[in-house]
Amino acid sequence: MVALALVAVPGLFAFDGASPNLSGYWELRFDSRNVPPASLLPQAAREDRNAADHRDAFAIRWCHHLGMPFLMGGQDAAPIDILQSRRETAIVAQPVSAARHIYTDGRTHPNPDKYDATTLGHSIGHWEAETLVVDTIGFNDLGVTSIPGGGKRTATSHLVERYRLLDGGKRLSVVFTWEDPSVFSKPHTYEYRYYRAAKGTTARELFCDASDEERGKFLLGQPEPVQAAGPNATARTDNAPTDISGFWELRYDSRNVPRATLSTKVTPVQIEARAQADQHAVRWCNYLGTPFLMGDSAPIDIRQGRIEVAISGQASSVARHIYTDGRKHVNPDVFDNTTNGDSIGHWEGDTLVVDTVGFAADRGVTSIPGGGFKTADSHLTERFRLLDGGKKLSATFTWQDGNVFNKPQTYQYIYYRAPANTNVQNLACDAFDEQRAKFLESPPGTAGLK
Amino acid sequence: MRKLVIPGIAIYGLFAAVANAATSIPDLTGFWERHDDVGAGSFGGLDEKIPKADLINPQEMPREVTQLPPTEGKPHKVGEAYVVTTGRCGNGMPFMMGHSAALDIVQSTDEVLIIPEFPSTRHIYLDGRGHPAPGVLEPSNTGHSIGRWEGDVLVIDTVGMNAGGGIPGGGRKSPETRLIERYKLIDGGKRLSVTFTWDDPKIYRKPQTYEYIYYKDPPSTYALEEWCDSSDPLQRQSIVPPPQK
Numbered sequence: 001m002v003a004l005a006l007v008a009v010p011g012l013f014a015f016d017g018a019s020p021n022l023s024g025y026w027e028l029r030f031d032s033r034n035v036p037p038a039s040l041l042p043q044a045a046r047e048d049r050n051a052a053d054h055r056d057a058f059a060i061r062w063c064h065h066l067g068m069p070f071l072m073g074g075q076d077a078a079p080i081d082i083l084q085s086r087r088e089t090a091i092v093a094q095p096v097s098a099a100r101h102i103y104t105d106g107r108t109h110p111n112p113d114k115y116d117a118t119t120l121g122h123s124i125g126h127w128e129a130e131t132l133v134v135d136t137i138g139f140n141d142l143g144v145t146s147i148p149g150g151g152k153r154t155a156t157s158h159l160v161e162r163y164r165l166l167d168g169g170k171r172l173s174v175v176f177t178w179e180d181p182s183v184f185s186k187p188h189t190y191e192y193r194y195y196r197a198a199k200g201t202t203a204r205e206l207f208c209d210a211s212d213e214e215r216g217k218f219l220l221g222q223p224e225p226v227q228a229a230g231p232n233a234t235a236r237t238d239n240a241p242t243d244i245s246g247f248w249e250l251r252y253d254s255r256n257v258p259r260a261t262l263s264t265k266v267t268p269v270q271i272e273a274r275a276q277a278d279q280h281a282v283r284w285c286n287y288l289g290t291p292f293l294m295g296d297s298a299p300i301d302i303r304q305g306r307i308e309v310a311i312s313g314q315a316s317s318v319a320r321h322i323y324t325d326g327r328k329h330v331n332p333d334v335f336d337n338t339t340n341g342d343s344i345g346h347w348e349g350d351t352l353v354v355d356t357v358g359f360a361a362d363r364g365v366t367s368i369p370g371g372g373f374k375t376a377d378s379h380l381t382e383r384f385r386l387l388d389g390g391k392k393l394s395a396t397f398t399w400q401d402g403n404v405f406n407k408p409q410t411y412q413y414i415y416y417r418a419p420a421n422t423n424v425q426n427l428a429c430d431a432f433d434e435q436r437a438k439f440l441e442s443p444p445g446t447a448g449l450k
Numbered sequence: 001m002r003k004l005v006i007p008g009i010a011i012y013g014l015f016a017a018v019a020n021a022a023t024s025i026p027d028l029t030g031f032w033e034r035h036d037d038v039g040a041g042s043f044g045g046l047d048e049k050i051p052k053a054d055l056i057n058p059q060e061m062p063r064e065v066t067q068l069p070p071t072e073g074k075p076h077k078v079g080e081a082y083v084v085t086t087g088r089c090g091n092g093m094p095f096m097m098g099h100s101a102a103l104d105i106v107q108s109t110d111e112v113l114i115i116p117e118f119p120s121t122r123h124i125y126l127d128g129r130g131h132p133a134p135g136v137l138e139p140s141n142t143g144h145s146i147g148r149w150e151g152d153v154l155v156i157d158t159v160g161m162n163a164g165g166g167i168p169g170g171g172r173k174s175p176e177t178r179l180i181e182r183y184k185l186i187d188g189g190k191r192l193s194v195t196f197t198w199d200d201p202k203i204y205r206k207p208q209t210y211e212y213i214y215y216k217d218p219p220s221t222y223a224l225e226e227w228c229d230s231s232d233p234l235q236r237q238s239i240v241p242p243p244q245k
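Heads up: the sequence lines are chains A and B, in that order.
Position 44 of the first sequence, counted from 1, bears residue number 44 in this note's numbering, the numbering being contiguous throughout.
Position 35 of the second sequence, counted from 1, bears residue number 35 in this note's numbering, the numbering being contiguous throughout.
Please keep in mind that the hints were generated in silico from the structure rather than gathered at the bench.
Here the structure is a predicted model, which means the values were calculated and not measured.
C-beta: ideal position from N, C-alpha, C; glycine also.
To spell it out: a stretch of chain B is covered by chain A in this simulated footprint if at least three of its residues, at any positions, have a beta carbon under 8 Å from a beta carbon of chain A; those stretches are:
{"hint": "1", "region": "24 to 38"}
{"hint": "2", "region": "102 to 108"}
{"hint": "3", "region": "126 to 134"}
{"hint": "4", "region": "216 to 224"}
Isolated chain A, as found in the complex (with noise of 0.2 Å):
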């Protein structure tokens, strides 16, 4: 039975036919994450949350290693490579870091006393049957420290990594254990299943200019609010004075996201509700809507028409409409809401200025990038602006909702252009997917691994 296996399906199994094979690209998806809250020490859970995001903005903007766990999974479209062999396993991420290197030749950690300190730590492995088993310490504070669900890594940090094989090789599970008595009142688990990426995947070097005074200023700066249109907003019928069609890509410096600050009538109640209801909307394949389709980690295609701008993504959404017809907002009255709500737009010179109403609070994602969630009465407002000769795309979001901010919420985005023969397709979402639905549904690392 095993060697059919084998035999089946080439290149699953490593060289020494004892191991298998992780070697390839493999990519997150917006279903790809599971990854609960951390259970935070009182003194880590009193550590200012704007300090964090500045501290990790920080390293992005001046080009610093940015290091793990940033490496596996950064929220951009780069996949990782990993590279096995039988004495050693390396890890290669697009983003600015050195490559990680497992060693799996039976070595031990070396003394900490003469080990200098690294944002990816010093890493050794081991097979346990299928399961590869990466033990890693000597971490230091540098880089993009920041720990999915909570938390960060420390000198102190310890982390256990479990890698295994699914779905005959075209998917792989990594369970992340992180341990350590400054931060975790508990050991913290997540879990990512990557997906293998395309055949024909190819590393791309994404540049990063320290040096750029602009991307410094966006990275580091507040997102200048947008002015909303008011009730009456109409979209204007003036020819476009540019065209942003193209394929756009977040990469890893692509966001400038403050803390949101929130009206006290929001509970943590509230937040906790609408979190798993954003949860339920992944794991139904449900439609995600507007925000979360403009901050997926796959590239957007937005297509600028005569009487529209389309914007459309690979995950389960329906396409955006921008009309830029002269045409006003329809009646509320009779505009049954949606996940992407109504949307016109009209240009400000070489801008694209887009006010959004009508979104439906009971459907898709509602979560809000930098806290809070969008309700029936939330009002968006975007500006779309090319930069750096087209090579760029600026959009600044602005969410005004008085049932949830303080203040209206910004944040800005710098898209890439993607490459030019970029295939935009809808990515597969099965509700019906019994190992999906497990992986989405149970704590981490509990299904369908032994």
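Put chain B on the given structure of chain A with help from the hints.
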């Protein structure tokens, strides 16, 4: 889809005509929907008028075509709600092209989008690219489409679709199936003719061809969202049949 009728249709028509004349490429922009223009009584009735597909012996078809992925619908039991849909949201090709809700066509220089009211947007690349090599793209519900203009006809070539059924006339599709569509404005731009030709020598004895006619909606038409929630049991049923004896 809803229509807000506002004055200015004539102006719009003039604008479109001028734009077309200036570019010489037909402008398919707008919302389009099928009508029951033959008194069939339903869209299903319309499709029943399509000639039956000339299929090869099912036993000789690819396994993934004859053994379609199971739906969530368990076998119907007497007295239970009657399951009439698959419950899987986001149906792609060919379902979206025959659906009753309007399709929105957005036309730019390099690409045409065909947008339904659910998440299955079609991307038709007009920039001269070819299809990716086999095995590069995962099969998807809309496949990979490239297009070109042959005079005033937009010709779209699609491959890489998921295996499944639902081809009008009783056809089926596999990731190797090829679909050729020909889009042509007729009746002064008020209607759009689309001829579909499905070809796959492992499925069809001869290509399965049929035509849909779409009618242009007023310019004030806006897109709705056809909500579908796979977690909602009611989404997977439409009627409760009377008790059976």
